[in-house]
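Starting from the given sequences, assemble the full structure and let the hints guide the process.
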Amino acid sequence: MGKRSGPGKRGKAIYKWKKSLVWLSFLLPTFVCLLVLTYIPTFKAVNFSFHEVSVIGEIQRSVGLQNYKVMLSSSSFRKAIGNTLMLAVMSLSAIPVGFVIACGVNSVINKKAQTIFRLGFYMPNIITGVSIVLIFQYILQVDNGLINLALSNLLGRKIEIGWLSDPSLTKVGATIIQVWTTLGYNMLICLAGLQSIPTELYEAAMMDGGGALHRWRYITIPLMRNNFIFLFITGIINGFSRFTDLYILSGNSSSGKPAGSLQTILMYIYQYSFENPSYGLSCAGAVILFVIVFTITSINLKVTKTI
Amino acid sequence: MRKHIKATLALSLAAALLLGGCGSGSAPAESGQDNEPAAVTTAADEAARGETASSDEKIVLRIVGPMESESDTTNPITKKTLRGYYVIKELYEAEHPNVELELTGIPWDSWQAKLTTAAAGNQVDIVVHGASLVDVVEDLTPYVEKDGDFLDELLLKYSYRRADKSNYTQLVPTGIPISAAATTLLYDKKIFDDYGVEYPDETWTWEDVLEAAQKMTGTDPVTGEETYGYYIDGSSSDWIGRSLTGYYFSKGTTIMEYADVQMETKVNYTSPEALEGFEFVNELAKTCPKGFLEGRGAENFGTESNNIAMWYTQDMVNIYYKTESLGLTDRYGYGYSPVLETTDGWANFTGDWNMAIAKNANHKEECWEFIKWMATNQDIADWCWEIGKIPNNREAIERLTAEGIPFADMFLNTLAATPDEFTIFASDYMDSFLGSSNAFLANGLSAMFAGDMTPEEAAESIQEAFEEQAASYQ
Amino acid sequence: MKKKKIISQAAMITALGVTLVVVLIPICWAISMSFDATTIDVVPNPPRFIPKEFSVFNYKYALEAIPIIRYYINTLLLTLINTCIAVFTAMTCGYAFSKGRFPLKGILFLLVLAVMMIPFEVRLIPLFLQYRDWNLLDTWWPLILGSFAWAYGIFLARQFIDSIPDSLRESASMDGAGEWHIFFRIILPLCGPVIATLVIFQVVNQWNNFLWPLVVVSSPRKQVISVGLAMFNASETARYLGPRLAVSVLGAIPLMVVYLFLQKYIVQSVMLSGVKE
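Top line first, the protein sequences correspond to chains A, Z and C.
Heads up, the first sequence is in the working numbering, so the first residue is 1 and it goes up one at a time.
Heads up, the second sequence is in the working numbering, so the first residue is 1 and it goes up one at a time.
Heads up, the third sequence is in the working numbering, so the first residue is 1 and it goes up one at a time.
Simulated from the structure, these hints should not be mistaken for lab results.
Accuracy of the hints is not assured; some may be wrong.
What the hints assert, rightly or not - A partial selection of chain A residues facing chain C, derived with a Cβ cut-off under 10 angstroms: (1) A45; (2) L85; (3) S93; (4) G193.
Note that the coordinates shown come from a computational prediction; the quantities given were computed from them, not determined experimentally.
Heads up, the beta-carbon is just placed ideally off N, CA and C, and yes, glycines get one too.
This is the structure in structure tokens:
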């Protein structure tokens, strides 16, 4: 396409039109996929949620808001919401752990040592989630598990805590696994944040006679705010998609064994989609999940944009 | 860089099409182990051959469902080689050259939903374990009426299930069992001897079991080791639930109130009789080893160092193999399940490995022939026995238990006492296919076992779960 | 003064070192137990970190019990295909949204962003039924077609390409180069860091992908490794400690190998992605 001499108005319009087509060709496969595989199914899901749908996937009859009513009044669904929130909040304890380790690693002067620590702490994050759960099912065993044995030796009496079998403690067990996996990631993000704090600030504080703890409290933590918020929001959002490890801990089912204590919203939806099919209900649950996540993401966008 | 990208994309897409796109194809034999070609004996179904199509065109039967391993495996304890399910294909195709079998084993996860979807979508001819998928499998009554003589050779006649959701009070035969399972009260004679407790016999009730279990939980007077009286496999929702349902079975407690529409079926877990069950099971759980809620604690069962006295389970063949390989067959006994107090027989969870014909199947006649062959063929019976299942075939059992298998008599008597049309999965005290019933029972019971709920609370929570489920299916 | 610093450094390194060892204990334990022949069914108590009887029996058994080689190959292929598609389309869309000028640009980009806010699970059922109607269940197509629209990747790509000066593009355009030409010859070569980041994220995501393959793929022959491992967990033989740990180790090896070779880039990408938010 060469330059035209003296383009008329029409010529220019054609040129622009052709240019737009070229740009759109960059987007074509993506948008076809988006339309067919994302938007249409999403609308279908919303449609399903207002109907009773057979196991084969055919719409039987319209039921209005009934699916939603049933979902929201179902005690197990509300329990699932509660579980999800609790697990998400508990997994946030990885943030201070990661932060403290990051502070430690940051203060190490020897480059080699620092690299070793960076790589070492991040390693758990790189191991396939499924493998981690298989291993931890042994470590958190009620008898002979490494943790219980260690505690028994430390405290001098036999400790047999059912980290994964006592319904009131399973969330702690699941959180131990989660924190172990993600502390490396949190550490790296905090490390990046720490390393971007200009050293002049510290030097100025030292000039003014501030001790290490003082500097930490008044310089480090406030300037890490962005990173903390990022980790906080992504932690909560990831909490809502949590499925794999809890599924395996429940014995390859979405029931949240034992006693439904580990059942998250997503697992509840899965249960009503595949283990006990009632597609209208599960789509209603999915829409409710969407509303919750959408709200949180909107808050996220708002908060990060104002910074 | 452009060239590289294009080439890589092209190659990748080609690879994807080759490997992913083609869904069919026979199973490649995985391991390098050489399998002995099974001897083709003349099976007792010459008649069957006459009915198959005589044309050159091959009939393809697609058999889908949860099955054991596709390829050979070795049991790590007994070191025996277990053949994969390819033997079915080899044996059948050798006798029926114009039929080709396509076997696909799927995992147990969400198997009902996956199989239902596949069968509804015309992708399956024979559904393994399909008896409970009443919506998508054939009612076998007309088949049996026409050609049901072979059923006399079987121990269990049919797999009965409740009819579809709008006709729930009616039982229909939807599957033919290929292997039969029964529960037994496994016991360790040594522990019984150490404590001076008498061995279980065919008159024992659940209370007898509890009494013995309580006596044998503590320190063994002879060895000084810690022993436990009983074991419940806490990792399986089925077996947690059965500890309770077994009690109801014996006592004849009515829990289910069936209605024509499936989801109008009511349950009653809060009656005094039902509550009795919860309290009983709570006591029983106290005699189990600590790890039982996580499905552990019984790894040593069948070995020298076993510390559990009794175990109500279905796994008799595999335990027998284990004890055989360790030379301990004399030490372990296979008792009768606790006796039924309101009628004849024992509290036996007669499970089975059944096959059903999909409603949308092609070649239904050939499917029926295949199922008949599976249930009566002696080589298949041998294979079942090898992988730990008891074949549902009188002749096979007599042959295989000729050398004095300790549980043979108990097994045959137990099954003989089971009425023809009985099915545990659709009885007065249990319906495993009523929504998430297994999950509800397991949830309530495991909370109770862990001490988080009292028996009353557990019963109420289970009742509530069922009622909510029924309400949600308006 | 210097002495104080040396002591405090030593203390810090020791503290971190001890923490690191505690954190890595599960991995060491699992590896050592998996090579131990005596751990077939019983968990050793007191726990050992060195195999009592070194043997590879557990691995032999694991390789026999589940078709792990098959799972590896499947996962590798899927990862390769999906990474190529996802990264390439992310870059093309990123370029178009960054430098392009065409009608409805703003709205189209919003549509892409909106996807990030819709959890995948919302469309799980209809998507599943749709693939069933197209008869594509139990094939790899459902696992591949989704890669054409990777919202997060598009977002990152656009952000990065924004930082490439327009002048480069304009001078090429003046010389009569078409947009695709500019894309391949000028833009892509400059995008090394973001391409690396996107590739790493895709690879890790693909390897850990669980729910969708679980739902869509039923035959073990086509299954990916994460689901394959979980299936093993449910089988009878998973009671045995040794094989189970061997299986876990086998499942974790490929990513570990990738990690060991590319640690620097991986760690860098993670840190970059956090800051750029």
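These are the hints, each one checked on the structure:
1. A45: 5 angstroms, holds
2. L85: With Cβ-Cβ at 15 angstroms, over 10 angstroms, it is violated.
3. S93: Hint violated; A:S93 Cβ to chain C Cβ min 15 angstroms, cut 10 angstroms.
4. G193: 7 angstroms, holds
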